[in-house]
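Student: Spelled out from the first residue to the last, the chains are:
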Amino acid sequence: MNVTLKNVTKKFPSRTKNTPDVYAVNDFTLEFPDGKLIALLGPSGCGKSTTLNLISGLLKVTDGKVLFGDEDVTDLAAEKRGVGLVFQNYALYPHLTVRQNILFPLQNLKGKEKMSKSQMNEKAENIARLVQVDNLMDRKPSELSGGQQQRVAIARALVKMPKVLLLDEPLSNLDARLRLQTREEIRRIQKETGITTLFVTHDQDEAMSISDMIVVMKDGVLQQTGLPQEVYDNPENLFVAQFLGTPPISTFDGEVRNGTLYIGDDVVFEGLSCQEKKVTVGIRPEGYVLKENGAFRCSLKRVEVMGRDITVISENENCNSGEIRSIIGSDNKVDVTKEWVCFDLKPEKVYVFDRESGKRLREAEVRSNG
Amino acid sequence: MKKASLLKTVTYIFLFVWAVIVLFPFYWMVLTSVKDYGAYSNEYIPAFFTLSPTLENYTEAFTAVPLLLYFLNTLIFTLVTTALMLIVIIPAAFAFARLDFKGKNFLFTLILSLMMIPNELVVITNYVTITNMDLRNTFTGLILPSVMSVFYVYLLKESFSQVPDELYYAAKVDGTSDFKYMMRVLLPICRPTVVTITVLKVIECWNSFVWPRLVTDEKNYFLVSNGIQEIRENGFGRENIPAMMAAVVVISVPLVVLFLIFRKKIMEGVARGGTKG
Amino acid sequence: MDKKSPKALLYLLPSLLFLGAFLVYPLVDVFVYSFEEGFNFASGTSFGTGLYNYSYVLHDPYFLQALKNTFILVIITVPLSTILALVIAVGLSSIKTLKNLFQTVYFLPYVTNTLAVGLVFMILFKPTAYSDGLVNLLINLFGGQSVDFISGPYWAKMFVLCFYTIWVVMPFKVLILTSALASVNKDYYNAARVDGTGKARTFFRITLPMISPMIFYLVITGFIGAFKAYSDAVALFGTDLNAAGMNTIVGYVYDMLYGNSGGYPSYASAAAIILFAIVLTVTCINLAVSKKNVHY
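Protein chains in written order, with our numbering: chain A, 1 to 370; chain B, 1 to 277; chain C, 1 to 296.
These aren't lab readings, by the way, just hints derived from the structure by calculation. Predicted model, so just to flag it, every value in this text is computed and none were measured. Think of the CB as a built atom: it goes at the ideal place given N, C-alpha and C, for glycine as much as any other residue. One thing to keep in mind: the hints can contain errors.
Unchecked claim - These stretches of chain C come out as covered by chain B in the derived footprint (C-beta under 8 Å, 3 or more residues): (1) 17–30; (2) 147–155; (3) 181–194.
As the list claims (entries may be wrong) - Examples of chain B residues toward chain A, derived with CB under 8 Å: (4) A4; (5) E56; (6) T59; (7) P164; (8) T176.
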């Protein structure tokens with residue numbers, strides 16, 4: 001089922017008289033397509049969890065509409081929306097066994113949806129098998145590892161075949177190894193069930209690696225949506241460019257003069273039809289090509305050899321994001337005794353943004369493939 | 001080192017002496033209850049043990065005065081009052097811990113401040129109310145004013161508040177009503193506190209004396225405390241101390257047993273701020 | 001928010017009804033009673049309002065006797081029981097073997113029926129047909145004269161009452177102080193030991209200040225409890241406390257309300273409010289003192 005948010009706003013009243021109200025989500029409009037795995041991505045406090053809770057119904061919207069398919073569920077309470085929700089700390093009922101936890105949502109069904117005991121048990125067994133906790137059914141949550149608790153929480157959310165499955169920071173309480181494993185697992189379960197799934201994360205790796213679509217938010221405002229790679233390659237603004245990618249993009253103070261983009265005195269692009277302007281230039285780490293007489297000159301600090309790649313760490317007086325990390329192939333040789341290092345830049349890895357608004361300035365860029 | 005071990009010995013002796021002072025009345029009570037009435041009355045020097053224990057006094061206790069009736073009355077009074085209290089205070093504690101409504105904090109503070117009102121002040125009007133409603137010598141009159149315990153509302157609310165919010169939200173998303181959440185999630189999780197409160201209330205009810213004394217003057221509605229008082233003043237022909245002690249043993253046993261079972265819970269509950277009476 | 005209010009009210013309703021009927025209404029009403037002069041219980045009428053009830057009570061010799069008894073009881077039992085409980089709790093905290101057993105034994109009186117055990121105390125102090133009772137036997141053993149504790153001289157009766165009162169309140173105090181002592185961070189003791197602090201100094205300079213809030217709590221609740229003494233006196237001396245000269249303020253209130261001398265809810269109310277005023281004053285003094293002396 002596709003989920004649509006129309007001009008959704010959530011305002012929290014201010015705690016004191018002198019501070020303004022807080023807009024956790026501001027005029028958010030988006031359709032989440034049916035059957036996809038969608039990541040809500042953003043730094044902490046950006047309103048992504050609030051958005052999730054507006055969809056679950058645990059929070060009421062201040063303004064706007066929430067639609068499940070064609071049905072307006074804006075005024076429907078959480079218990080009547082039929083969503084599945086997995087909490088960051090799992091929120092398993094500590095006094096119930098795994099089986100009882102999974103059965104719990106089924107026992108709440110009423111009217112036509114009411115099931116017989118054997119039906120419920122069968123459903124629970126099936127879902128437990130799907131998430132691979134069928135051998136843990138009679139244990140209490142306290143007897144499970146973090147990863148197992150996570151699976152049970154997913155099973156509990158899935159057992160009633162929710163219209164939409166919501167996961168709040170599903171991987172944040174797991175250790176690094178389990179995190180990798182579990183995110184693949186979430187992908188697999190989502191594919192097998194085909195349920196529209198939204199998950200909240202602040203970790204862009206997580207979002208990029210498994211989702212069909214990412215939604216980037218900042219300060220309650222939707223920034224950009226799209227396929228993960230598309231958003232990475234084509235950020236709409238400086239925030240999105242900076243938020244996606246590890247190591248992060250380097251940014252420089254630049255200027256357009258006479259149809260030429262400069263960083264300091266170095267020429268980046270020529271032949272632009274852009275008016276004179278102060279800009280911010282972002283260069284992805286993989287956008288540098290080592291070249292003896294390259295146009296872009298930086299003072300060399302050190303070199304980290306990582307096997308497949310070499311990371312060159314350098315500094316530039318116009319850089320406003322600290323040290324510059326450039327990743328180049330290991331077949332390059334860097335003379336570490338030299339004071340300077342020069343690069344050519346790959347034009348498709350260079351983004352130009354308006355210095356004031358942070359908006360992308362495509363007219364100040366040159367794309368090699370046109 | 002020698003000084004330390006001397007101190008330790010003195011400590012143990014002191015603790016032992018206090019233990020004897022605490023236990024001796026209980027020992028004397030049991031001992032006297034199994035002494036033969038005739039033998040007891042003829043003691044020139046009270047005997048610290050008896051070689052011919054008898055259960056006759058217990059038979060006397062149950063036949064000469066309606067001890068069994070007092071016992072049953074107290075049981076009914078205790079069970080009904082405690083059950084009613086739980087029914088009344090659990091939803092209230094839940095509302096304060098979980099639900100949102102206008103003036104919640106104000107109301108809660110108001111109710112907490114009622115904890116400071118001494119029973120002696122309100123008993124007078126309650127006595128008049130119950131008398132005017134013609135409820136003297138009825139269980140209704142005994143029970144109703146004894147149901148509410150503000151302190152337990154507070155204790156339970158604190159316990160409910162400690163259950164993580166996520167469990168409530170999880171239950172909501174799982175399609176649970178507030179009431180069902182309270183019954184199926186909150187109460188099982190907070191069972192230790194509920195048990196503590198229940199046991200403390202049972203003790204309080206079993207030992208209550210002042211209110212029952214005010215509203216009952218018919219023996220048919222006496223509780224054990226009043227029964228004991230009645231026995232003391234009129235029963236057994238005042239001097240049959242062994243029979244009196246047998247009655248005392250009988251009414252003390254249930255609570256001692258309850259205490260030995262729930263020792264930890266009771267002591268924890270009381271340490272958290274319970275007061276007697 | 002308003003949508004939720006009726007539902008929350010539903011959950012609160014039973015509690016509010018009980019509180020309103022048996023706690024709030026009576027509280028207001030007792031003040032009304034206390035100012036209604038010549039209230040007649042049978043007809044429910046009075047012929048005026050004023051302070052007569054208070055004046056009557058304050059001139060009633062029985063009330064003055066009860067006041068005196070209560071004050072003596074409070075002044076003797078509160079400090080004695082608190083100090084004794086502190087000594088016992090410190091002793092308990094310093095041992096490991098048998099600690100649990102002692103703790104359980106000490107707590108036992110808490111769960112027993114005050115009336116029932118009071119009866120046992122009575123027979124311990126009371127002469128039997130051919131002897132002067134167990135306690136007198138012990139006194140004789142040490143060369144003393146027999147005393148009639150139950151119906152003899154005033155000081156003897158007061159002694160029994162104080163003794164029993166202390167016996168009854170000890171379990172609560174020992175328990176509270178033992179858990180207060182257990183909750184003192186061990187680091188302080190280790191620090192003191194490293195600094196070479198002696199045991200007595202450690203106790204008075206570290207332990208005592210650390211548990212002082214709990215001691216003051218016990219003193220305050222102790223005062224309140226002792227001012228409301230009643231059941232213990234009834235257990236020892238019977239329901240006719242005025243005749244025994246051992247009545248307490250609460251006893252006076254109940255006697256005014258009910259029983260042979262009863263039927264005067266106005267006098268009872270006035271006496272209850274006087275008691276409340278005394279307790280409130282003492283509690284406020286206590287709080288003021290504790291604010292000055294509790295350093296944490």
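Student: Next step is simple, just say for each hint if it's right about the structure.
Tutor: Now for the hints, and whether the structure bears them out:
Chain B is given as covering the segment 17–30 of chain C, and this holds because 11 residues of the stretch bring a CB closer than 8 Å to a CB of that chain, at least three being needed. With 0 residues having a Cβ less than 8 Å from any Cβ of chain B, the segment 147–155 of chain C misses the three-residue criterion, and the hint is violated. Figure legend: the segment 181–194 of chain C, annotated as covered by chain B; annotation inconsistent (0 residues with Cβ-Cβ distances under 8 Å, at least 3 required). Proximity of A4 (chain B) to chain A is violated relative to the hint, the smallest CB-CB distance being about 43 Å (cut-off 8 Å).
Because the closest C-beta pair between E56 (chain B) and chain A is about 51 Å apart, greater than 8 Å, the hint is violated. Among the interface hints, the one on T59 (chain B) is violated; its C-beta lies about 47 Å from the nearest C-beta in chain A, farther than the 8 Å criterion. This hint holds: P164 (chain B) has a C-beta 7 Å from the nearest C-beta of chain A, less than the 8 Å allowed. For the restraint placing T176 (chain B) at the interface with chain A, the shortest Cβ-Cβ distance is roughly 5 Å, inside the 8 Å limit, so the hint holds.
Violated hints, listed in ascending order, are 2, 3, 4, 5, 6; each of the other numbered hints is respected by the structure.
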